[in-house]
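Peer 1: For reference, the chains in residue letters:
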Amino acid sequence: MTEFIQIIVNGMANGALYALIALGLTLIYGVMNLSNFAQGEFAMIGAFGTYFLMQMHMNYMLAIILSFIIAGLIGFVIHILAFHPLRKSEPLNMMLSSLGVSVFLVNLSQYLFSPNPKVVSNSFSEKSIQAFGVFLSEQRILIVIVSLILCGFTYWLLERSKFGRSVRAASLDPDTATLYGIPTNRIAFLTFIFGVALTGIAGGLTAPIYNVYPTMGISLTLKAFVVVVLGGMGNIPGAIMGGFIVGLIESFSAGYISTAFQDVIVFSALFLVLIIKPEGILSKVQGEKV
Amino acid sequence: MTKTRLFYTAITILCIVCSIASLYIQNLYLLRVFILAAITAILALSVNILVGYTGQISLGHAGFFGIGAYMVGILNVNYHLSFWLCMVIAVLFSGLMGLILGLPTTKLKGHFLGIATLGFGVIVNGVLNNWMQVTGGPQGIRDIQSPTLFSIPLEYGNYFLGFIVACLSLLVLVIYLLIKSPVGRAWSCLKQDEITAYVTGIHVYRYKLLAFTLSGGIAGFAGALFAGYMTFISPDTFDLNQSISIITTVILGGSGTIAGPLLGTALLSFLNEWLRNFDELRLVIYGVILVAVIVFIPEGIYPFFKNKIISLFSRRKRVNQLKTSIDPHAGKDAVNE
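Each protein sequence line maps, in turn, to chains Z and G.
Residue numbering for the first sequence follows UniProt numbering, starting at 1 and increasing by one per position.
Residue numbering for the second sequence follows UniProt numbering, starting at 1 and increasing by one per position.
It is worth saying that the hints were derived from the structure and are not from the lab.
It should be emphasised that the depicted structure is a prediction, and the values quoted were computed from it without experimental measurement.
Please note: incorrect hints may appear among the correct ones.
Here are the simulated lysine to aspartate or glutamate pairs, EDC-like style, with alpha carbons at most 20 Å apart [claimed, not checked]: (1) 191/G with 173/Z; (2) 109/G with 193/G; (3) 109/G with 90/Z; (4) 88/Z with 299/G; (5) 180/G with 193/G; (6) 107/G with 193/G; (7) 109/G with 239/G; (8) 162/Z with 173/Z; (9) 88/Z with 173/Z.
If we strip away everything but chain Z, and leave its shape as in the complex, we get (with noise of 0.2 Å):
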């Protein structure tokens, strides 16, 4: 019963890391209708921000917040370079610009910082609660924390605020909204910075529990792929779910099955909600437009 309860604790832990990514990825697709596989790379980023800054004496908390600002500055830059010229062309040419993207930013941390695994360490790191038998690392709970907050928040700027007005209707239909008066370019560029910072926080806060390396973000782009068809494209309630199911999808097929299918097994049930239900779970049905 232990073991049960260890695994899902773990598994939501990761969930939480999972749905603040996907958050970004959503969001993204949401507005400019880009699958974004640089996504993860901008986790990298903020991971590797996170560590440098740690590097500096920097306050670990101050720095996961500054690590969101140099994702949100690069994903700008990249953004003007890479995405902003293709925002008229097919949506395949930004995959695949993205695709371009993620190979760039890859290798240029494998040149820059060399490709060896680095260690960040802090207070939360090192210690760990135990509860009725289950042990969980502060560090964990702080990512459930944070990230329950942040997605809190990205809701709430969603639903309630000015922008998030904007960013719905932009997502809707951009035509529609330009005629409205809504500057959907603006809309866009702000979106994707928004996006790919939020992930940049998410590569900073699993900085200390899987460490730092340049291609750590690869599997974290396909992780939040699969929670974005599962919770459904550009919806965020379901983005948040679908982080928390993949989470304990992977950690009890890592406790009961084998560690090393954990990926196939993860990938078999985006197969299935794809079959059964390919416009996500929690999503409503729309037929398509003639």
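Following the hints, complete the assembly by docking chain G onto the known chain Z.
Peer 2: Only chain G this time, still in chain Z's reference frame:
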């Protein structure tokens, strides 16, 4: 008529000359680059059937490539079947896998299809890496028998290159004939607009499934050739990077044309070898070039230069005509809204 006949004769002669010339290449390094480029070209053609002719994305083609290679490896090493029999089985099996993947995924579109096929690639790679008893895990399979064709040993690079160039030429011919046949017309119709195709009486799912099966089979063929040439296969050849590099080859070259993927393969193979001068910066530059080409020439290199060259030799009126015909959005909105 005579002009087109001349054109085809020229291409046929070019293919034959290439096949024969490949026997006289002395440089072993060059030989290896050419052979791997030819295998990539076959892969690019197979992806082009999906991406270029039916408008579906595949981000998991390394999966089919791997299935083909591993079928040959397993059957040849464990069961001592002859290479050619293994190859036939590999092509049929990866075609079948294409059909099986196609059954659920032909109903998906765009990004969802991309992610589903991506998942397929990850699953295949995961199985190859972890099903130790059959695939040998990360160590891969060694000592695959080199094929012999009519008592010509293909383990010598020259003979293999000649053989593979001949295969490639034949494949190009088959695909060309297919595109000109009713099947090809049905594909191009459903690529433009699925609903219109449906209304016209084209069985959309059946034609999409056919594309999936063929594409999987051809990729498996490339895998079988790869296994026969390398005699050693391991899962890291068939990972996500491979899938991505295949589809970028097709798109950069110009999808939906036959020359496009071939040109893309030639350019990218050359670029890859040339970038070796930059050591660690190789893939960084590769990424930059990829983004730059997509940003500046989104329709692909071959159509871009084709239109440039045509516009050089013709009057202005015709240029404008061509420009409207390559604009992907022209006329589309009128249908959708």
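Peer 1: The structure should be examined with respect to each hint, and the outcome stated for every one.
Peer 2: Now the hints, each set against the structure:
no.: 1; hint: 191/G with 173/Z; result: violated (24 Å)
no.: 2; hint: 109/G with 193/G; result: holds (12 Å)
no.: 3; hint: 109/G with 90/Z; result: holds (14 Å)
no.: 4; hint: 88/Z with 299/G; result: holds (13 Å)
no.: 5; hint: 180/G with 193/G; result: holds (19 Å)
no.: 6; hint: 107/G with 193/G; result: holds (14 Å)
no.: 7; hint: 109/G with 239/G; result: violated (23 Å)
no.: 8; hint: 162/Z with 173/Z; result: holds (17 Å)
no.: 9; hint: 88/Z with 173/Z; result: holds (14 Å)
Checked against the numbered hints given earlier, this structure breaks hints 1 and 7; the rest are met.
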